[in-house]
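Line by line, the protein sequences give chains A and B.
Here my numbering is used: the first residue of the first sequence is 829, the next is one more, and so on.
Here my numbering is used: the first residue of the second sequence is 829, the next is one more, and so on.
Please keep in mind that the hints were generated in silico from the structure rather than gathered at the bench.
Accuracy of the hints is not assured; some may be wrong.
[As the list claims (entries may be wrong)] Cross-link-like lysine-lysine pairs, in silico, DSBU-like; alpha carbons within 35 angstroms at most: (1) Lys-1036/B to Lys-990/B; (2) Lys-1076/B to Lys-1031/A; (3) Lys-1036/B to Lys-884/A; (4) Lys-1076/B to Lys-884/A; (5) Lys-1080/B to Lys-1036/A; (6) Lys-923/B to Lys-967/B; (7) Lys-992/B to Lys-967/B; (8) Lys-906/B to Lys-1076/A; (9) Lys-1031/A to Lys-833/A; (10) Lys-1076/A to Lys-1080/B; (11) Lys-923/B to Lys-884/A; (12) Lys-967/A to Lys-833/B; (13) Lys-906/B to Lys-833/B; (14) Lys-990/A to Lys-1036/B; (15) Lys-1080/B to Lys-992/A; (16) Lys-992/A to Lys-923/B; (17) Lys-1080/A to Lys-923/B; (18) Lys-833/B to Lys-967/B; (19) Lys-1031/A to Lys-906/B; (20) Lys-990/B to Lys-906/B; (21) Lys-906/B to Lys-906/A; (22) Lys-1076/A to Lys-992/B; (23) Lys-1036/A to Lys-992/B; (24) Lys-990/A to Lys-833/A; (25) Lys-906/B to Lys-1080/A; (26) Lys-967/A to Lys-992/A; (27) Lys-1031/A to Lys-884/B; (28) Lys-1080/A to Lys-1080/B; (29) Lys-884/A to Lys-967/A; (30) Lys-1121/B to Lys-1031/B; (31) Lys-1031/B to Lys-1076/A; (32) Lys-884/B to Lys-990/B; (33) Lys-906/B to Lys-884/A; (34) Lys-1076/B to Lys-1121/B; (35) Lys-1080/B to Lys-967/A; (36) Lys-1121/B to Lys-1076/A; (37) Lys-1076/B to Lys-1076/A; (38) Lys-1036/A to Lys-1076/B; (39) Lys-1080/A to Lys-1036/B; (40) Lys-992/B to Lys-1080/A.
2 protein chains.
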Amino acid sequence: METTKEVRLLRRPTGIPNPSDFEIRESPLPPLDDGEVRLRSILLSVDPYLRPLIGKAEAIGQIVPGSGLAQIEESRAKGFREGDLVRHFGGLRDKMNMPVAGLTRFSRRPELSLTTQLHALGGIGLCAYGGLIGTGQLKAGHQVFVSAAAGAVGSLAVQIAKLKGCYVVGSASTPEKSDWIVRELGADRSISYRSQPVAESLKAAMPKGIDLYFDNVGGDHLDAALPLMNQFGRIAVCGMISSYADDKPGVKNLAEIIYRRVNIQGFGFTDFDELQVPFEREMSQWITSGQLKFFDTVLGGIERAPEALIGLFTGRNIGKMLIQVSNETV
Amino acid sequence: METTKEVRLLRRPTGIPNPSDFEIRESPLPPLDDGEVRLRSILLSVDPYLRPLIGKAEAIGQIVPGSGLAQIEESRAKGFREGDLVRHFGGLRDKMNMPVAGLTRFSRRPELSLTTQLHALGGIGLCAYGGLIGTGQLKAGHQVFVSAAAGAVGSLAVQIAKLKGCYVVGSASTPEKSDWIVRELGADRSISYRSQPVAESLKAAMPKGIDLYFDNVGGDHLDAALPLMNQFGRIAVCGMISSYADDKPGVKNLAEIIYRRVNIQGFGFTDFDELQVPFEREMSQWITSGQLKFFDTVLGGIERAPEALIGLFTGRNIGKMLIQVSNETV
């Protein structure tokens, strides 16, 4: 019988997840039912949004959720053939039987790297573009702060804001990443938040205040940004990775939004249907012309999925965090 | 020589101000300069926004700021005559010499009570109306939560939301005030936040979630409202009286704005120029027809101004907090 290796949650993580919160379990895969396909994972996507999902009581004992790119190995569904590529939300495992209803077909564009095509032109890219242009109402000349700027969404947001003619400051955990944000992404300034309190270094880096804060962090970053916001400035909230810790400290400077008339809006990439056309046009052009780069951190093997997930919260990745499950190039 | 009684700040308050943070000082008033008028206070307005102002180092030793209605006692300014009524931002004192540049003329409408005319049809009313209709984009049928609903702005916001056809829940410090919000203001439900944690009682009072939260409190109220917000719900932030304490705890549930696509917007009454006409029309009609009531808590004598200011933070007032400095009816 076919088997699969699955990443299962053994217990509810407290704060940053621990390797012992997970196990890799080999399980039998039953024969396919009608309307199902058997998928073999190629790439699995590991993202901060998984942290709140594995914090829920009902997640214990279950396969850790997640999306990925996979190839059909066997099909009992009409119109889906062996060898086809699909995107799925089937969780962190190397093989799976899936009904085709939740799958999205994927056509390889060989002129782009696979991860660029999947993510920069997918949900990650649309988060960065839509969060800035839609939610954030970005205009040329804006003073823009992007937190977690070495991350998947942040590294795109910095580059897009620069391409749109803004003054851009990014934050990252270490001095090395902070340097990288200026050198590789083209940010005007960057701050390293483990070596110095964010509030001080952000104030020094943004002498003209902040018109738009693209927030991936929350917590101390949000507290640092609020007193620097310009009148009627906007905070577009993509993520609050700091708030996934169990013992989070809380945001203290929210009253600033009254004096400064700040607007804070949470968003996700599904909010930007009306931006899909300009997004694909502009992003494709920036990518193929080399004006915008997409970075990723790829770990090999399903066994390393827990390490990848934990690494998101310890600052391990530059750009998108991925698991390459099979070595095949597609 | 003329003298005036002034409320001066002796030291920076920590948390809720203390009577010993203030002194009432009698000072001489110099003769008028050209372009100045001498004002005799009738009413002084005591509001939560004063708390952060007296928390600043530069406020120590100064007259506590504040606005009021006053009568001109003597004039050396063209077009301003003895007996005229004006609104000023001259601070908490019984008499003052003021240049006329910062004054606003006031015409008495005898069919309205003085405080209704000054506040319900002034900045307080426009805060409630504009915060709901403009910032909050209130629609009939919305599920609306108003915190500090027995206060000046909150008590108007509850009534306006009811007049607009919404389900409305208000919060107040004590069970007595909580009852009053339902009985006098017409709220559907109310919660008393000193007797029970806000999160539990709010959840029970709003089974259909929250479309619009009119926030006067921040802190635990905001943390309670965030997980109850409906998708694309709005939080219109008028004040965060809980955050004026020095040892404020911080807001922990902000990540909810991502999953729930919440919009948070800080505002002030000066933001609603385009609503001035419908505001005056609707409010005047509601007030003269008796559909909307304006409540105030009036303490007599400039000596009681510190007590009034402290009372804002200990839940002493119902409606607008005022000092009546002179007994004259105008």
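Holds or violated: Lys-1076/A and Lys-992/B, Cα atoms, limit 35 angstroms.
Roughly 39 angstroms between the alpha carbons, so the hint for Lys-1076/A and Lys-992/B is violated.
Could you grab the alpha-carbon distance between Lys-1080/B and Lys-1036/A and see if it respects the 35 angstroms cut-off? holds (29 angstroms)
Holds or violated: Lys-1080/A with Lys-1036/B, Cα cutoff 35 angstroms? holds (29 angstroms)
| task | Please work out if Lys-967/A and Lys-833/B have their alpha carbons no farther apart than 35 angstroms. | result | violated (51 angstroms)
- Does Lys-967/B lie within 35 angstroms of Lys-992/B when you go C-alpha to C-alpha? At roughly 7 angstroms apart (the allowed maximum being 35 angstroms), Lys-967/B and Lys-992/B satisfy the hint.
Check: Does Lys-906/B pair with Lys-906/A here, judged by a C-alpha cut-off of 35 angstroms?
Finding: The given pair, whose Cα atoms are some 90 angstroms apart, is violated under the 35 angstroms limit.
Does the alpha-carbon distance linking Lys-1076/B and Lys-1121/B stay inside the 35 angstroms limit?
-> Between Lys-1076/B and Lys-1121/B the Cα gap is close to 33 angstroms, so the pair holds against 35 angstroms.
Open item on the list: Does Lys-992/B sit within 35 angstroms of Lys-1036/A, going by the straight-line distance between their CA atoms?
Closed with: It is violated: about 42 angstroms lies between the C-alpha atoms, which goes past 35 angstroms.
> For the pair supplied as a hint, Lys-990/A and Lys-833/A, is the alpha-carbon distance within the 35 angstroms limit?
Replying inline: violated (42 angstroms)
Exercise for review: Below or equal to 35 angstroms on CA atoms is what counts here, so check Lys-833/B against Lys-967/B.
Suggested key: violated (48 angstroms)
* Asked: Has the given pair, Lys-923/B with Lys-967/B, been kept, meaning a C-alpha gap of at most 35 angstroms?
  -> violated (45 angstroms)
- Is the hinted pair Lys-990/A and Lys-1036/B satisfied, with a Cα-Cα distance of at most 35 angstroms? violated (43 angstroms)
Of the hints listed earlier, those the structure fails to meet are numbers 6, 8, 9, 11, 12, 14, 16, 17, 18, 19, 20, 21, 22, 23, 24, 25, 29, 32, 33 and 36, in rising order.
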